[in-house]
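Trainee: Mind docking chain G on chain Y? Use the hints.
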Amino acid sequence: KAGVTQTPRYLIKTRGQQVTLSCSPISGHRSVSWYQQTPGQGLQFLFEYFSETQRNKGNFPGRFSGRQFSNSRSEMNVSTLELGDSALYLCASSGGQTKPYEQYFGPGTRLTVT
Amino acid sequence: GQNIDQPTEMTATEGAIVQINCTYQTSGFNGLFWYQQHAGEAPTFLSYNVLDGLEEKGRFSSFLSRSKGYSYLLLKELQMKDSASYLCAVGGGGGADGLTFGKGTHLIIQP
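Protein sequence lines, in the order shown, are assigned to chains Y and G.
Heads up, the first sequence stops at 114 in this note's numbering, and the numbers go up one at a time, no gaps.
Heads up, the second sequence stops at 111 in this note's numbering, and the numbers go up one at a time, no gaps.
Hints are not guaranteed to be accurate.
Claimed, not checked - Pairwise CB distance ranges, derived in the manner of DEER restraints: (1) G:Gly-28 to Y:Arg-63: 25 to 35 angstroms; (2) Y:Arg-15 to G:His-106: 28 to 38 angstroms; (3) G:Leu-74 to Y:Gly-62: 35 to 45 angstroms; (4) G:Gly-28 to Y:Gly-40: 22 to 32 angstroms; (5) Y:Gly-40 to G:Ile-17: 43 to 53 angstroms.
What the hints assert, rightly or not - If you want a taste of the chain Y side facing chain G, the calculated C-beta under 8 angstroms gives, among others: (6) Phe-45; (7) Leu-90; (8) Gly-106; (9) Gly-108.
Unchecked claim - Straight line, CA to CA, 30 angstroms or less: simulated DSSO-like cross-link-like pairs of lysine-lysine: (10) G:Lys-76 to Y:Lys-99; (11) G:Lys-81 to Y:Lys-99; (12) G:Lys-81 to G:Lys-57; (13) G:Lys-103 to G:Lys-57.
The set of hints was computed from the structure by calculation and includes no laboratory data.
Positions of the beta carbon are idealized from the N, C-alpha and C atoms, including for glycine.
The shape of chain G in the complex, shown without the other chains:
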């Protein structure tokens, strides 16, 4: 089985930096994904890590440590539009396996 834990809710200030952590315990692993989901909308892909280390993409970065079963999503220069749920998911790197999602972290950005 697979278990994925992430904080339920976080609050941050516009312009600041926030780190959303995700820990996982899985029987298999073939990649870790982060998705963003605004209320009432479908999830959108943010990042994918299969090797240890940091992947940077603009204001968003994602880190993975496979030995620790740990990942984080780092959001810089926060904007109000970043208020959303952020979903951590573990699954098949080649799309062969379904993704197992965490419950999501609801991020609230305050002015």
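Chain Y on its own, in the form it takes in the complex:
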């Protein structure tokens, strides 16, 4: 079974621009969560989508948004990029039949804002 995939793996953007990241969950998983990881703050929860609906949201500004499609693939968007948005963005899928609570992480997208 293929794992969680994220594209692109690396991205360099300029302050003020916007960016869209993509995540394809494990086949059969309906929940996708997004996290931001930085050396200073560690892993922080952004939001979770289940069946195309945002089910939970972390404490991030409205510049961070996401969506989920009918095939469970998810995208997150960051508008008006700031230097502090430079981070590793991870998505995780869950909802498997045998272990619905277990989250499987993708390799991440490394975003650098200059």
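Mentor: Quick look at chain G alone, frame taken from chain Y:
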């Protein structure tokens, strides 16, 4: 809100046993998770506890005391490949809530 504390760094010897502690204060609780993350890689799931007690899985065991807001991860027969960061996280047991992670414990294994 949720607060999760774990030591920043620990050092242990190959072949030995190490215990990584995690304490948490949360407004809600629906499960405690441990993840392993090697440098430059994504976190990988190690264990999940929702009831008090010890869960054993090979060389790794995880313990939970909900009344004390305390968990530990026990690693036995340490190998060099166990050098990694270990992340404690609290969240929804059914995947309904996002996970709140601690800052992670960087474990260094020495020969």
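Trainee: If a hint holds in the structure, say so; if it does not, say that too.
Mentor: Structure-based check of each hint:
no.	hint	result
1	G:Gly-28 to Y:Arg-63: 25 to 35 angstroms	holds (27 angstroms)
2	Y:Arg-15 to G:His-106: 28 to 38 angstroms	holds (31 angstroms)
3	G:Leu-74 to Y:Gly-62: 35 to 45 angstroms	holds (42 angstroms)
4	G:Gly-28 to Y:Gly-40: 22 to 32 angstroms	holds (26 angstroms)
5	Y:Gly-40 to G:Ile-17: 43 to 53 angstroms	violated (31 angstroms)
6	Phe-45	holds (4 angstroms)
7	Leu-90	holds (6 angstroms)
8	Gly-106	holds (6 angstroms)
9	Gly-108	holds (6 angstroms)
10	G:Lys-76 to Y:Lys-99	holds (25 angstroms)
11	G:Lys-81 to Y:Lys-99	holds (26 angstroms)
12	G:Lys-81 to G:Lys-57	holds (17 angstroms)
13	G:Lys-103 to G:Lys-57	holds (24 angstroms)
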